[in-house]
Amino acid sequence: MTDQEQQEFREIWEKPVTRIGMATLLLTAALSFLPSLYLYVVHGVWLSLSVALKAWGMIAALFGAFYFVEPASYYAILGLSGTYMAFLSGNISNLRLPCSAMAQEVVGVEPGTRESEIISTLGIAGSIITNLVFITLAALAGNWLLSLFPDPVAAAFKNYAVPAIFGAIYGQFAMRYWKIAALALAIAVVMFMVFHAPVWVAILVSVFGTIGVSRVLYVRKMV
Amino acid sequence: MPTDVLLAANAFGVWLVALAVVSVVAVQAILYIRLALATARKIDFPHDKCVRGLRSGVISAIGPSIAILIVMVAMMSVVGAPITWLRLSIIGAAPTELTAAKVGSEATGVEFGSAQYDMKALAGSWWTMGVNGVGWLVLVGLFAHRLEYIREKVGGGDARWLAVLSGAATLGAFAFLNVNNIFPADPVQKIRRLSGGPLAAALVGAVVMVVLLMVSRRLPWLKEYALGIAMLAGMAAAMLL
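Protein chains in written order, with the working numbering: chain A, 1 to 223; chain B, 1001 to 1241.
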């Protein structure tokens, strides 16, 4: 890609992607308080400031590190538009990342290129459509839908669907980079089982540690 | 949940509030699809490949979405249907949201899910779920484009390294996710122990995916269903264990 092409791509892609992403995420952040406002307006129920701050502090103590760590860790996989979509719609590891990876696999685009960014965007957008249809059906007729699944099948979905998806995506990428795959697994096992690292530390070290060792392998022409 | 609280949580007005948020998510997806198609045209990338990418996302999402649906029904029964619809359309999967609902209720001095769960506790749950999601939304909304700048610096315009970089980031993330599942932390003792079910699911999921992708070199249509098939195979293996 020449400098001029890169400049042009920034104009036709990155700028509008940023505009849409900023607007939709910040709008949703504001709308997130609508349910609380509704309870006040309709039922006159309101939390005292001290209770509201206490609850905020308690939940931020549990998840606050992830607000920073997850976008930073997933960015190299999702790209700009993927990050805006995934962090608006959620279910990142079990749905957005797998659908981005499969879309790129199906179309056969080279990772890290402009084409792969466009296909990843479409794959994630497609997954959002499917997911919205499913959760809307669940909201309207969830108990009836659940009754269609025999108990053991529902339990299998609940307990094992996500581990199986994680394994599948790992397998897909291990085919391409088996050396990196082995090192990544070793890093994660050491973080959890040897250092007993908290989850937010383990994810940071796993992603950036793997990128680091891959750089060494790449420079030595081993991958 | 006491009946009057349950009625308030499932009132028509809450559905309208939820609809506003769900609509933003849908509109964002539509805007990005339009932008991606327009950009593809400008860089002479074939339209039919774009359609395949979109369709693959739609199809690959079916399996994971069934799993989300099943967990969602359980969440609806404890916090109400419309607020669950709202919360699960945006960032924060069911376990995260339920934790926030519990923390919010307890901040008001009421045990989550108990008969004492009153309107105040409901307000605590809704506030805490909201303010938790806002953490991700605001940080990403304000700063994601700065990350692109960093990636360009780290990538350094080396196309082959950029490909390895995104592969390495994916493997790092999924190695972490797999190990976190296969060695779950015991909530009481806080120690991590090997768990057979998730191990079987992940191993079989991985092996089946590899086999399917090898076979799909001859049968390209198979790729669109690979994630769903691998997921079901992994689930079946864990169940039979």
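Simulated from the structure, these hints should not be mistaken for laboratory data. Some clues are possibly wrong.
Stated by the list, open to error - Simulated DEER-style distance windows between Cβ atoms:
1. A:E11 x B:Q1116: 54 to 62 Å
2. A:M193 x B:G1113: 44 to 52 Å
3. B:K1190 x A:Q7: 29 to 37 Å
4. B:V1154 x A:M175: 20 to 28 Å
5. B:R1218 x A:V199: 53 to 61 Å
6. A:K15 x B:V1078: 39 to 47 Å
Quick caveat: nothing in here was measured; it's all calculated off a predicted structure. Just so it is clear, CB atoms sit at the ideal spot from N, CA and C, and this is done for glycine as well.
The hints, checked one at a time:
no.: 1; hint: A:E11 x B:Q1116: 54 to 62 Å; verdict: holds, 58 Å
no.: 2; hint: A:M193 x B:G1113: 44 to 52 Å; verdict: violated, 34 Å
no.: 3; hint: B:K1190 x A:Q7: 29 to 37 Å; verdict: violated, 52 Å
no.: 4; hint: B:V1154 x A:M175: 20 to 28 Å; verdict: holds, 25 Å
no.: 5; hint: B:R1218 x A:V199: 53 to 61 Å; verdict: violated, 41 Å
no.: 6; hint: A:K15 x B:V1078: 39 to 47 Å; verdict: holds, 43 Å
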